Each structure stands twice: as structure tokens, then as C-alpha cells.
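Undergrad: One-letter residues, chain by chain:
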Amino acid sequence: MNKNINNMYPYFFLIPAILIYGTFFLVPTALSFFYSFTWWTLTDWEFIGFDNFIQFFQEPSLRIGFRNTLIFAFTTMGGKVILGLALAVFLTSKIRNKDLLRSIVFFPALLSTIAVGYTFSSMMHPTKGVINTILSFFGITGPNWLGNPDIALLSVAMTDIWKGVGIATVIFIAGLMAIPTHYYEALKIDGGNALQAFWHITLPLSRPAMNTVIILALIGGLRTFDLVWAMTGGGPGFSTDLLASIVYKQYAAGFFGLSTAGNVLLFLFVAMVAFPIFKFINRKEVDL
Amino acid sequence: MIKRQRHWVLFFLVTFIAMVLLAACGGGYSEETSGDAGGDTGSDSGEAVELSMLVSETAMDDPGFVAVLDAIEKDLNMKTNVEVRPGGPEGENVVKTRLATGDMADLVLFNSGSLLMALNPSQYFVDLSEEPFMDNVMDSYKEVVSSNDQVFGIPAKSSQVGAWLYNKKVYQELGLEVPRTWDELMANNEKIKEAGKTAVITTYGEAWTSQLPILADFYNVQAEVANFADDYTNGEAKFANTPEAQRGFERIQEIHEKGYQNEDYTVATYDQGMQMIAEGTGAHYPMLTQVLPIIEENYPDLVDDIGVFPQPSDDPETNGLTTWMPDAIMINKEAENVDAAKKWLDYFISDKGIAAYESKAKSIGPYVLKDVELPEDSYAAVEEMQVYFEEGNIAPALEFVSPIKGPNLPQICTSVGSGTMTAAEAAAMYDDDVEKQAKQLGLDWD
Numbered sequence: 001m002n003k004n005i006n007n008m009y010p011y012f013f014l015i016p017a018i019l020i021y022g023t024f025f026l027v028p029t030a031l032s033f034f035y036s037f038t039w040w041t042l043t044d045w046e047f048i049g050f051d052n053f054i055q056f057f058q059e060p061s062l063r064i065g066f067r068n069t070l071i072f073a074f075t076t077m078g079g080k081v082i083l084g085l086a087l088a089v090f091l092t093s094k095i096r097n098k099d100l101l102r103s104i105v106f107f108p109a110l111l112s113t114i115a116v117g118y119t120f121s122s123m124m125h126p127t128k129g130v131i132n133t134i135l136s137f138f139g140i141t142g143p144n145w146l147g148n149p150d151i152a153l154l155s156v157a158m159t160d161i162w163k164g165v166g167i168a169t170v171i172f173i174a175g176l177m178a179i180p181t182h183y184y185e186a187l188k189i190d191g192g193n194a195l196q197a198f199w200h201i202t203l204p205l206s207r208p209a210m211n212t213v214i215i216l217a218l219i220g221g222l223r224t225f226d227l228v229w230a231m232t233g234g235g236p237g238f239s240t241d242l243l244a245s246i247v248y249k250q251y252a253a254g255f256f257g258l259s260t261a262g263n264v265l266l267f268l269f270v271a272m273v274a275f276p277i278f279k280f281i282n283r284k285e286v287d288l
Numbered sequence: 001m002i003k004r005q006r007h008w009v010l011f012f013l014v015t016f017i018a019m020v021l022l023a024a025c026g027g028g029y030s031e032e033t034s035g036d037a038g039g040d041t042g043s044d045s046g047e048a049v050e051l052s053m054l055v056s057e058t059a060m061d062d063p064g065f066v067a068v069l070d071a072i073e074k075d076l077n078m079k080t081n082v083e084v085r086p087g088g089p090e091g092e093n094v095v096k097t098r099l100a101t102g103d104m105a106d107l108v109l110f111n112s113g114s115l116l117m118a119l120n121p122s123q124y125f126v127d128l129s130e131e132p133f134m135d136n137v138m139d140s141y142k143e144v145v146s147s148n149d150q151v152f153g154i155p156a157k158s159s160q161v162g163a164w165l166y167n168k169k170v171y172q173e174l175g176l177e178v179p180r181t182w183d184e185l186m187a188n189n190e191k192i193k194e195a196g197k198t199a200v201i202t203t204y205g206e207a208w209t210s211q212l213p214i215l216a217d218f219y220n221v222q223a224e225v226a227n228f229a230d231d232y233t234n235g236e237a238k239f240a241n242t243p244e245a246q247r248g249f250e251r252i253q254e255i256h257e258k259g260y261q262n263e264d265y266t267v268a269t270y271d272q273g274m275q276m277i278a279e280g281t282g283a284h285y286p287m288l289t290q291v292l293p294i295i296e297e298n299y300p301d302l303v304d305d306i307g308v309f310p311q312p313s314d315d316p317e318t319n320g321l322t323t324w325m326p327d328a329i330m331i332n333k334e335a336e337n338v339d340a341a342k343k344w345l346d347y348f349i350s351d352k353g354i355a356a357y358e359s360k361a362k363s364i365g366p367y368v369l370k371d372v373e374l375p376e377d378s379y380a381a382v383e384e385m386q387v388y389f390e391e392g393n394i395a396p397a398l399e400f401v402s403p404i405k406g407p408n409l410p411q412i413c414t415s416v417g418s419g420t421m422t423a424a425e426a427a428a429m430y431d432d433d434v435e436k437q438a439k440q441l442g443l444d445w446d
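Chains A and B, in that order, are what the protein sequence lines are.
Numbering of the first sequence is given in UniProt numbering, commencing with residue 1 and proceeding in unit increments.
Numbering of the second sequence is given in UniProt numbering, commencing with residue 1 and proceeding in unit increments.
Treat the hints loosely; a few may be bogus.
To be verified - Just the calculated beta-carbon pair ranges, DEER-fashion:
| # | chain 1 | residue 1 | chain 2 | residue 2 | range |
| --- | --- | --- | --- | --- | --- |
| 1 | B | 334 | A | 19 | 27 to 35 Å |
| 2 | A | 282 | B | 419 | 22 to 30 Å |
| 3 | A | 70 | B | 419 | 43 to 51 Å |
| 4 | B | 298 | A | 90 | 44 to 52 Å |
I should point out that these hints are in silico values taken from the structure, not numbers from a laboratory.
The structure presented is a predicted model; accordingly, all values stated were derived computationally and were not measured.
Every residue, glycine too, gets a C-beta built ideally from N, C-alpha and C.
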């Protein structure tokens, strides 16, 4: 009897969590899967099978959307990993004002994405923007950062890297601090130089941190919406449309069933890209 | 013992937070939207009647509108509690969601025409067709706020046109004349370009502004293909196989190819466009005349330098304005005090209401109310428009005669206008977009 109560006791504590999880996560997820198969006006719905999915795949800008989403996710991920690691190595080295410098790197992460988007889009104005004004001072004619369809997506990606690199750096710093110093001491005794220290100790042993950064940046990049929307609105034309912005535009046009179907596909797409990569990089992790 | 107590405290705390969260979900805006339940509709009682109203963000920038609200408060003893929503697609979604959840304000300011039809108005708004004050409203306006013989709204301001705004000083300086054909317009553009000014102001920084050359072309389309709007609604006429309709996209393409746009056209904003047309650094701005009051506010000395002419067609005999009907004010069926709301509407379009509006703002086109004349101090551009109205050379824009408007038109137009898509591709793409919209509206196109 007494034993039984003790067994029940921990489950009892799960109720609030299950309630919250069920109401805010399970129910909406199930509902969105359901509504993706309907013609839905918020008040009425009608079951229409796979029509929404077929329609979504016929979306004219969809191919641009898939391509842009992948380019954006991998560019920003790469930028955050490389810059984040470089900054982390710099900020864990023997420099003065370390704390101040670390704070400065982290500041952009604290800003609102929309505010960052608007600020950068005004800075990237082709004739009046700060960036091109400075470039012209050195005699360089800067490009039309957001107006040229060929580079607009990369301009947004650069902004995203600037904004997200702070978090990547913090994760890397934590990872680097966890590397025991005796490895470096051993290397020093063997006569290794700084480059070897980085290559043979820092890089392999910061693997767990790097994996976290890769996965976070990749998933974040795949479903990015706010920054692109604030900076270009998917334009010029359809040139910076991402999957998430296509879904948003359909929702905004009142195609609720269709945009829900798009969201379900986005979910599957993110899972399809992220899971194999997660598996792959986790295999390569080593113990400290 | 103490440890166990702490567990219980934690448990109750978590449950409590969960309950509060759940309760908050259902609550929403109930506080703001409930009108005064007193049921009083007149001004004779001491306590003011309160009505809630949902408007788009630009409405409160119109001093005329605010002046009418003040007059209603003073004369009818009715207080209007205004809630502001965003404009554009975001705002449409706010309206749709709040209607669907039964959480709407008593009075709703929303677009007329195709966007209103997409809301399924008979389900949500009070039918005003039997109200005596509706006799003051012109039939042409009633058409764009009606479905199934029911009429849902009153005009929130005057009508306006989508046309070519031009800077008269630039025209004088270069000795240009108002064009009657597209070729004449392009010849003017060439001279303006040679003079080192921007011929056609283009502001793709705000994508919706890109649609004007095609929307304003509808008078010309209708003059050539009289049945276009009906056939288009029924899915029989397409932009891609109607050369007159596709011409609108071609015009956008031509402007781009000849290099008449401002240098920063891909990112320039609506405000920058207004500044350019007012200061004369740009000579033409295809736009809605709703910009006039904003230009007046920012550049009061320059507003009368701006004139307006219709988008020219290829035929000098076809020369008329494409008009936009004003937004509508509707009463929510669920409003607590429908009678008070009707009095509110009655006052809004009465002589007193118009007088209150005009005391603070000028109209951007002729009124759609019977027997309301434009005041003498109208904008120069509006006086220029008046001639076309008097001669009957006007046609409502396509979005007022058909319930369908494809949501991707702004992006398609910016693609054509920045040279990444041809007019023919754009027309085909827009036809697909329109078909999707028709499916969502439940139109039978098969």
C-alpha cells in the first residue's frame, strides 16, 4: 500500500506540466495537421484531402523559396560557426578588458530582430545609407545591398550573422573553457606552437559546443522569417522569399488552410534537414 | 516535513499559473469591446453612450476623421473608443480573426469592394439597406458595400482616383503638356530624363505602391473590353490572353526598360516618393490621390504644384480616371447597442458630419454622397479631377467590380518593374494567383 502511494506520487506532479504541454503544444500541433487538409475560413472548414499540399507545391515562388531557405540557413550557420569560434578563441585568450569585449560581442543578440532589420535596411540604402556613404569616401561604389536581387539574400544573411554570432560565441566560450588546460601544457612541453594547439586540441575538443551552434543556427536559419520580412519583405519581387515568408503571405491573403499546409511542410522540411545532420555530427563527438 | 510542504506550494503555484494562462487565452479583448450596456441611445440622458470602434492605423492620422468623432461626442453625447489595428494584410487578418472569434468592436472601419466581400459581410454586419440615412449615399457606392441585396456600410471619406500625379512646375519649366496618349507620356518622360530629373517616381520599398500603373489602367481596359470584369470574375477572361489587360504590365516594363525610374527605386519608400513629387525632383508619380493631405501636411506650400491626369491609353479618344471607393464603416451584428451605432452612422454622413470633417481636412476626390459639393478651397489636383467626374469619364477600379484580387500582385509588379520578369510572364503568374484566390472565395471555376 505504502509502496503504491510512493509510486503514484511523482506522476502526480506531472499533471500541471502535462496540462500545459497538452494545451499549448499537442493540441495546436494536432489541429494544424488537421486543418492542413481543409478549406478553412476560421469559422467554417471543409475537408479537401491533399488539395492544399498540391496547391502549395504549385506555388510559383516555391522553388525560389526552397533554394533561398537552404542558402540562407547554410550561409548563416557557416558564418556563425567560423566567426563565433574565431571570436571565442580571441575572447578566451590573454587580453585586457575581456569582459567588456565579450559584452560588446553579445549586445546584438539582445536587440529586437525587427529593429535590427529596419536599422540595417536604412544603413544599406544604395545612395543615402551609411555603408555606401563610407565606401564612397574610399572611392568605392557600393552595391545596392537590398535592391539587387542577386545579393539581397546575402545582405540579409550578413545581418543575421551579425545578430546571431554573439550567442554562438558565448556557447563556444563555454566549450573552450571546459577544455582542461593540461592538454595545452602537454603540447607546450612537446614543443607545439599555437596553430597546432588550435588544430589538435581546441578544434576537436570544442566539438560539443560546435554541434550545438550548428544545430541551433541551422534550425533558426531554416525557419527565419522576421529579419527577411523587416528588411526586404521577400522582395525585390520574389527574390528573397523564404519558405516561412511564403507561408506568411498565404496566411495574410486569408488562405488559412493552404498556409497551414505550408507550415506542416516547413516542419517536415526542417526535420528532414536537421535530423540527419544532427545524427551525423553527434557521431563525430569525442570525450574530453 | 518542511521539504514536503515546499513541494505542495510549488505544485499549487504551477497549477495556478497554468489556470491563469488558460483563462487568459479565452479572455482576449472583452474589456475594450463591450460597449456601454446601459442601452441608452439618445443625447437627452446625462451619461454618455460608449461605442467601440476598430480602425486601421492611418485613420487616426486624418484630422477630419478625428474631428467627426469629436463632433459626435459633443452633439450626440456618444463617446467613440477607438482601437487601432495595422493596415495591409496584417490588419485584414486582425479583422478576420476577431470576427471569427466573436471579439469585434461595435463599429468597424474596413475596405470596401473585394476585400470586404472576402469577409463574408452578411454573416457579421448589420444590414443598413432599410435605413433612411442610406438614401444620401450614391448607388455607385452602395454597389461596393453590398452583397445579396443587403447594404453594409457608409463611406468613411470621399472617393479618390489612382492616376499620374505630376509636378506642374517641372511641366512649366520644360514646356510640357498634359499627355492624352501613352506615347505622349513617354515623350514627356524622355524630355524629363534629359533634363536630369526622375521621370517616373517608383517606390518599391513599399511594394504595394508598385501596382498603380496596372490598377489605374483599368479605365482603359474597360473602354476596350467592356465585359472584362464579369468574365474575369467568372474565370473566363485572363490577363495573359487579354492584350488590353496585359498592357498594364507592359507599361510597367516599358518604364523600367527606358530607365525612367529614380536611381534608388528598389528601396525608396512612399514618403520619399511624396517628397520627390512635391519638391519636383521627380516629375511623375503614379499613385492614389490619398497622398495629397499627407503632402500638404509635410510641404504645405508645395501641394498645389501637384496636378493629376489619368493613366493615358493608346487611343487619344479614351481618356478617363480609374476611381477608388472610400473605406466603409460597418456595424457589428454582435454590437451591444445597434441603435446607437445607427445614429452614429447617420450623423457621420449628415451635413453636420461633413462640415466637421471639412473643418479639419480637405477631400481627396468627389464625395459619394448625394448633394455634397466640393468646397472651394479644394486641392488643385482634385479640381483637375472634377472635370472627368462631371463628364462621366470615370470607371471604378477592378477591385471594386470584382471580388477577386490576387494577393501577389505587388510582388509581381515589382518583379516586372525591376526587370526580373517580363510582362507576359507576369500576366501568366498573376492569372494563377487569381485562380488561387477564387478557389479560396469558393467561386466555382471548373
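Undergrad: Each hint: holds or not?
TA: To see whether the hints hold, each was checked on the structure:
{"no.": "1", "hint": "B:334 x A:19: 27 to 35 Å", "in the structure": "holds (31 Å)"}
{"no.": "2", "hint": "A:282 x B:419: 22 to 30 Å", "in the structure": "violated (46 Å)"}
{"no.": "3", "hint": "A:70 x B:419: 43 to 51 Å", "in the structure": "violated (25 Å)"}
{"no.": "4", "hint": "B:298 x A:90: 44 to 52 Å", "in the structure": "holds (48 Å)"}
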